[in-house]
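2 protein chains.
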Amino acid sequence: MTDLPSEFALIARHFRPLAGPGALDLADDAAVFTPPPGREMVVSADAMVAGVHFLPDDPPGFIGRKLLRTNLSDLAAMGAEPFGYLMTVSAPGNTPDAWFADFAAGLASDQVEFGLTLLGGDTTSTPGPISLSLTILGSVEPGHAIRRSGARDGDGIWVTGTIGDGALGLLAATGRLDDPSGYLAGRYRLPQPRLGLALHGVAHAAMDVSDGLVQDLGHLCRAAHLDATLEAAAVPLSQAARAADNLKLCLTGGDDYELLMAVPAAREQALNDAARAARMRVTRIGWFHAGAPAVTVPSVTVLGRDGAAMAFEAGGWSHFP
Amino acid sequence: MTDLPSEFALIARHFRPLAGPGALDLADDAAVFTPPPGREMVVSADAMVAGVHFLPDDPPGFIGRKLLRTNLSDLAAMGAEPFGYLMTVSAPGNTPDAWFADFAAGLASDQVEFGLTLLGGDTTSTPGPISLSLTILGSVEPGHAIRRSGARDGDGIWVTGTIGDGALGLLAATGRLDDPSGYLAGRYRLPQPRLGLALHGVAHAAMDVSDGLVQDLGHLCRAAHLDATLEAAAVPLSQAARAADNLKLCLTGGDDYELLMAVPAAREQALNDAARAARMRVTRIGWFHAGAPAVTVPSVTVLGRDGAAMAFEAGGWSHFP
Chain A
0 MTDLPSEFAL IARHFRPLAG PGALDLADDA AVFTPPPGRE MVVSADAMVA
50 GVHFLPDDPP GFIGRKLLRT NLSDLAAMGA EPFGYLMTVS APGNTPDAWF
100 ADFAAGLASD QVEFGLTLLG GDTTSTPGPI SLSLTILGSV EPGHAIRRSG
150 ARDGDGIWVT GTIGDGALGL LAATGRLDDP SGYLAGRYRL PQPRLGLALH
200 GVAHAAMDVS DGLVQDLGHL CRAAHLDATL EAAAVPLSQA ARAADNLKLC
250 LTGGDDYELL MAVPAAREQA LNDAARAARM RVTRIGWFHA GAPAVTVPSV
300 TVLGRDGAAM AFEAGGWSHF P
Chain B
0 MTDLPSEFAL IARHFRPLAG PGALDLADDA AVFTPPPGRE MVVSADAMVA
50 GVHFLPDDPP GFIGRKLLRT NLSDLAAMGA EPFGYLMTVS APGNTPDAWF
100 ADFAAGLASD QVEFGLTLLG GDTTSTPGPI SLSLTILGSV EPGHAIRRSG
150 ARDGDGIWVT GTIGDGALGL LAATGRLDDP SGYLAGRYRL PQPRLGLALH
200 GVAHAAMDVS DGLVQDLGHL CRAAHLDATL EAAAVPLSQA ARAADNLKLC
250 LTGGDDYELL MAVPAAREQA LNDAARAARM RVTRIGWFHA GAPAVTVPSV
300 TVLGRDGAAM AFEAGGWSHF P
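Sequence order for the protein chains is A and B.
The first sequence runs 0 to 320 under numbering that gives the first Met the number 0.
The second sequence runs 0 to 320 under numbering that gives the first Met the number 0.
One chain only, chain A, in its complex shape:
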């Protein structure tokens, strides 16, 4: 019994520098922290698997940052502030040390940008692809969390940023779409969590768009027992997405990590003010309305540029058949 096994040396080398107060240097059985006084905790977890959620040859720094950012996006959708995170990494036993170094460097950079630290985790081997899981902890003023379920008849449907870049970016990153500037691939690899948009008292409901705009809008409808009409021509597209000319993919592809919100007309000015303060673009793309009585499955109608309803084979992504 002399040296530490290399697993612990690996953790000490790459992950300990990410550890914050309460993490006990990642050398104990658990982390211990005092919750932010007078606030509610907001927690969420997401998994990412190589070949499913990211490309195996993506730069490891981008993989770590995407993992963190997709979780930060869940906090943003609740109107919460980041506090810390725990992460588990299952990687093949022959994963090069440089992979871990680059992965951790990406996380270190985002920790500074978004103001949170690593609290704990686990590193194991796997005979399969790299499998990552991250649990994020945040906080919010009591009662201020924005739910998915609060949309009301007549509320406008709003989104931050632009829609479709992530799905097009996957095509670009895999050589199936021309992307001369690299903008789309960049949007796929590095989503921008919309933290800091002051939604309390402004939005009746919110969620982040991860599985495709049309499918995710269905979630807001289902939670509120409402129907929705979405105007495709109003959906904000980046210049690169307009050039790609694949509207259906933009509306259903997912990986956007923009916020989708229900905002009443009387709060539109407040939303615009909040967006300006947060330096974000917000766009109204449709409206919620009461559905037919006795119909329990909500209906999302997408009006195309010609004003006719568009048909979709599938609304978005599902991991299971």
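Rather than coming from a laboratory, the hints here were simulated on the basis of the structure.
Given the structure is predicted, the values throughout are model-derived calculations rather than measurements.
Quick reminder that beta carbons are idealized off the backbone N, C-alpha and C, glycines included.
Check each hint, because a few of them may be wrong.
Unchecked claim - Result set (DMTMM-like, lysine to aspartate or glutamate): computed pairs, CA atoms no more than 25 Å apart in a straight line: (1) B/K247 to A/E6; (2) B/K247 to B/D305; (3) A/K247 to A/D272; (4) B/K247 to B/E230; (5) A/K247 to B/E6; (6) A/K247 to A/D177.
Said to hold, decoys possible - Just a sample of chain A residues kept apart from chain B, beta carbon distances all over 10 Å, derived: (7) L54; (8) D56; (9) D73; (10) R151; (11) L170; (12) G174; (13) D207; (14) L236; (15) D272; (16) A277.
As the list claims (entries may be wrong) - Under 8 Å between C-beta atoms, here's a sample of chain B residues computed to sit facing chain A: (17) A30; (18) G127; (19) N271.
Starting from the known structure of chain A, fit chain B onto it as the hints suggest.
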């Protein structure tokens, strides 16, 4: 846009019944809860991969319970009480629905036994083996968390339960060891987290034994800058482990999830009282002592039944070479 994709139906069918207060029916972006007032939070995360941490054909209910229990064991080692957990499941797309049903049923049973509920998570597909990650949240009175680092010169080394059953159980479960009663395989598949042992004011340090007794004792030594002597003959073995007659494996094999503690002589009676109240067995197996000056790598000496020091090729398990 009508029905939910099957991924969400799967979550609703199997995991929503596990969701507790604050989980928002697993239908929102995150869970929201009020932290236990006046207490510190204790958080830990562990990953488990099929073929590494459990056998692919283990009963799914046992897999779920082992995942939860290994995390509960981390709370036990800190002297904390369970509050809730988040879990991510990455499984092949063709995983039968019955697998998820049995997996969730095991968790449901343990949630009742240990008093906690599911707060959130994620379910994704993977082209590789089933990969699980669980983050546990617990709480403790401020300042009462038991750390790994507090052992003092002269403290006794104590363990709960019996050592070695988990490692022998893996041999038994894979047909490499006779286990007529099934006791050893049961101990491998279903560890018993030692929650409820009142360690505050009793133990100077504690951790759970997951990577092998000798290696994990090295962690306590390293954290306290002490050496240790372990008396192999004093290490408590189950009847089945004694019959298997493989002491070295018992001391280094891991998967025990018993508590390893540093307890001063003056608190031995208090420990015995606490163990009686918690209906646990505790055994003194050695002592901590000051190391040679200027030697920074701690030394764990294991005295065999003949009083001579035993030699080990490896102290315990490492995931990376």
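Q: Test the statement that A/R151 is away from the interface with chain B: the closest C-beta pair must be farther apart than 10 Å.
A: Holds, because the least Cβ-Cβ distance between A/R151 and chain B comes to about 17 Å, which exceeds 10 Å.
Q: Identify whether the interface hint at B/N271 stands, where standing means a beta carbon of chain A within less than 8 Å of its own.
A: violated (23 Å)
Q) Within 25 Å, alpha carbon to alpha carbon, are A/K247 and A/D272? A) Given that 25 Å is the threshold and the Cα spacing comes to 31 Å, the pair is violated.
Q. For A/L236, is the shortest beta carbon distance to chain B beyond 10 Å?
A. holds (21 Å)
Q: Sort out whether A/E6 lies within 25 Å of B/K247, counting only the CA atoms.
A: Given that 25 Å is the threshold and the Cα spacing comes to 22 Å, the pair holds.
Q.
So if I understand the rule, the pair passes when the alpha-carbon distance is 25 Å or less; does B/K247 with B/D305 pass?
A. holds (14 Å)
(Q) Using Cβ atoms and 10 Å as the threshold, tell me whether A/L54 really stays out of contact range of chain B. (A) holds (13 Å)
Q. Is the Cβ of A/D272 more than 10 Å away from each Cβ in chain B?
A. Non-interface label on A/D272 holds, nearest chain B Cβ at 24 Å vs cutoff 10 Å.
Q: Would you mind confirming whether the straight-line C-alpha gap from A/K247 to B/E6 stays at or under 25 Å?
A: holds (22 Å)
**Q.** Interface-negative label, A/D73 against chain B, beta-carbon threshold 10 Å
**A.** violated (4 Å)
Q: Take a quick look at A/A277 and tell me if its Cβ sits farther than 10 Å from every Cβ on chain B, holds or violated.
A: holds (18 Å)
Q | Pair hint B/K247 and B/E230, alpha-carbon separation not exceeding 25 Å | A | Given that 25 Å is the threshold and the Cα spacing comes to 12 Å, the pair holds.
Comparing the model with each earlier hint shows violations of hints 3, 9, 13 and 19; every other hint is respected.
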